[in-house]
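Engineer: Now for the letters of each chain:
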Amino acid sequence: MDLLERRKVLELLLWLTDKPLKTTELTAVLGADAPTELELREELNGLARELDERGAPYHLMEIAQGFQFASRPAFSQWVRRLYKEKTALRLTPSALETLSIVAYKQPLTRGEIEEIRGVDVSGVLETLLERKLVKIVGRKEALGRPLLYGTTLDFMKQFGLRSLDELPRLEELVPPEEPPVAGAEPAAEAPAPVDGAEAPSVETAAAPAPEAPHA
Amino acid sequence: MTTAGNNVKLDVFEGPLDLLLYLIKKNDLNIHDIPLSQITNDFLQYLGLLKDLNLNIAGEFLVMAATLMQIKARTLLPAPSREDEETVDPRADLVHRLLEYQRFKEASRHLESRLHATKDIHFRGSPTFGETDYTMDASLFDLLDAFRDVLKNLRPRVREIESEDVPIEVKIKDVLAFLSGRPYATFREILERETTRRGLIITFLAILELIRLKEIAARQSEAFAEIRVYRRDALPENLETDGAAPEPEPAPAAPLPEGE
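For the protein sequence lines, the chains are A and B, in the order given. With my numbering applied, the first sequence corresponds to residues 1 to 215, in that order. With my numbering applied, the second sequence corresponds to residues 1 to 260, in that order.
Incorrect hints may appear among the rest.
[Said to hold, decoys possible] Quick look at which bits of chain B chain A covers, simulated, 3 or more residues with Cβ under 8 Å: (1) 14-24; (2) 110-121.
[Claimed, not checked] Here are the simulated lysine to any residue pairs, SDA-like style, with alpha carbons at most 20 Å apart: (3) B:K214 / A:R90; (4) B:K26 / A:P93; (5) B:K105 / A:E112; (6) A:K132 / B:G125; (7) A:K105 / B:L99; (8) A:K105 / B:Q102; (9) A:K84 / B:D233; (10) B:K119 / A:R90; (11) B:K119 / A:Q77; (12) B:K119 / A:S71; (13) B:K105 / A:L167; (14) B:K119 / A:D154; (15) B:K51 / B:D145; (16) B:K173 / B:K214; (17) B:K72 / B:L98; (18) B:K119 / A:L167; (19) B:K152 / B:R188; (20) B:K119 / A:E112; (21) A:K19 / B:L115; (22) A:K132 / B:D165; (23) A:K105 / B:E100; (24) B:K25 / B:Q102; (25) B:K119 / A:A88; (26) B:K26 / B:D145; (27) A:K22 / B:K119; (28) B:K214 / A:A88; (29) B:K119 / A:T92; (30) B:K105 / A:E171; (31) B:K51 / B:F141; (32) B:K105 / A:T92; (33) B:K51 / B:P167; (34) B:K105 / A:Y104.
Treat the hints as calculated values from the structure; they're not laboratory data. Here a beta-carbon is modelled for each residue, glycine too, at the ideal position from N, C-alpha and C.
The task is simple: from the sequences and hints, build the whole structure.
Structural biologist: This is how it looks when you write it as structure tokens:
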């Protein structure tokens, strides 16, 4: 398989997929023709560049530890019209609170969430499960073997996260007017990205959606 | 006070920790050094109000009330002169819980801003959602606060005739009628039309019920600000986009940093 062919295969797979594809998945599909991880990333960068250069209305995004095409924000109104405005996820404050507890402390039980929030969360948890933002990930080896909850791939996509490590550390999250708690580590050192070795790559999910259309 | 129509089941979805943080912030208190008698009093006052309204008070609120009173009692006792037990501030546990909870509240704000930043990005197979469920942007506590003010300013008319009980259904229609022909009214405006304590309470419950039914929405521009009640169809849909525009998003337009 020559390089051009390989690029086409990659483009096709990414065009077809409805969930982010990990580099390991792409490598598995390519089998004997698979390049090294580094080459593959270079290839994906090239593909992304190509799209940018011809001003495509979508781009290649690195999200939820994989890659997937995403529409450019400038075109979102058209997508909205197609789906009759039903694309925006709105969550109540209590749902967001519960979700953030799950995101930071997962896997954890309902009781553990309630301990932090100080209220019953069964209803909220139900909504989050329905919305596929939270899933059951197992049972705790404790009395009654309660269910354990964790976040989903959809959660990562909806919140534009490449990985959970992108969330700010809990200790850093202090309301502006509140001085940091004595003893808490200084906010200086950012958490190192997991796969620290990664070369700079395709559009990071962290970058807020640019408002301006790309020329 | 218990009339059938009066028993609105409104989930007090914000818990006791929320109420405590609200009271701390509102009164500009130092979270590390909470004046217990003040906060306990405030807390109990709110509970009393909730009870007066016949709202479902979640058990957690009662547990918290008991906890507060217990801590308060302990602070009043002379410190034990035991040496092995360094005098631990009896509030320490509570402060710890509040701080932890506060951090998660902050985390949820962070998530919310992320959600906002990615709302215009769509993927193949992205889920779609039903009717945008709007949230009670003015918290229940804000509503209660405003309600309490109106209640306080009610002119002490001696005419407390219990006979004329207006059912909540009538008040609901009343509130909707008041809102027809205008996009919103202030919360106060609606309540101040009432002249009796009883009428006030039922109107307040009617408003809560309408919020629950999503017929109206209560919004405010910032915490502790004036509350406006919007008719559902008159709700400025893009409140967050055209009003207080969030931070202008920096435009790291080139998604692709030059490789190596």
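Engineer: With the threshold set at 20 Å, check whether the alpha-carbon distance from K173 of chain B to K214 of chain B stays at or below it.
Structural biologist: 14 Å, holds
Engineer: K26 of chain B and P93 of chain A were given as a pair; does the straight-line alpha-carbon distance stay at or below 20 Å?
Structural biologist: Cα-Cα ~19 Å, so holds.
Engineer: K214 of chain B and R90 of chain A were given as a pair; does the straight-line alpha-carbon distance stay at or below 20 Å?
Structural biologist: Holds, at about 14 Å.
Engineer: Can the restraint linking K119 of chain B and S71 of chain A be considered satisfied, given a maximum Cα separation of 20 Å?
Structural biologist: 11 Å, holds
Engineer: For the pair supplied as a hint, K51 of chain B and P167 of chain B, is the alpha-carbon distance within the 20 Å limit?
Structural biologist: 19 Å, holds
Engineer: Does the structure keep K119 of chain B and E112 of chain A at a Cα separation of 20 Å or less?
Structural biologist: Distance of about 30 Å is beyond 20 Å: violated.
Engineer: Under the criterion that the straight-line Cα-Cα distance not exceed 20 Å, is the pair K119 of chain B, D154 of chain A satisfied?
Structural biologist: 13 Å, holds
Engineer: Take the C-alpha atoms of K26 of chain B and D145 of chain B, compute the straight-line distance between them, and say whether it is at most 20 Å.
Structural biologist: Given pair K26 of chain B, D145 of chain B holds - Cα atoms ~11 Å apart, limit 20 Å.
Engineer: Okay, the stretch 14-24 of chain B and chain A, do three or more residues pass the C-beta test at under 8 Å?
Structural biologist: holds (count 5)
Engineer: Can you confirm whether the C-alpha distance between K119 of chain B and A88 of chain A stays at or below 20 Å?
Structural biologist: 6 Å, holds
Engineer: Given the hinted pair K51 of chain B and F141 of chain B, is their Cα-Cα distance within 20 Å?
Structural biologist: 14 Å, holds
Engineer: Does the structure keep K72 of chain B and L98 of chain B at a Cα separation of 20 Å or less?
Structural biologist: The given pair, whose Cα atoms are some 17 Å apart, holds under the 20 Å limit.
Of the numbered hints given earlier, the model fails hints 20, 22 and 27; all others are met.
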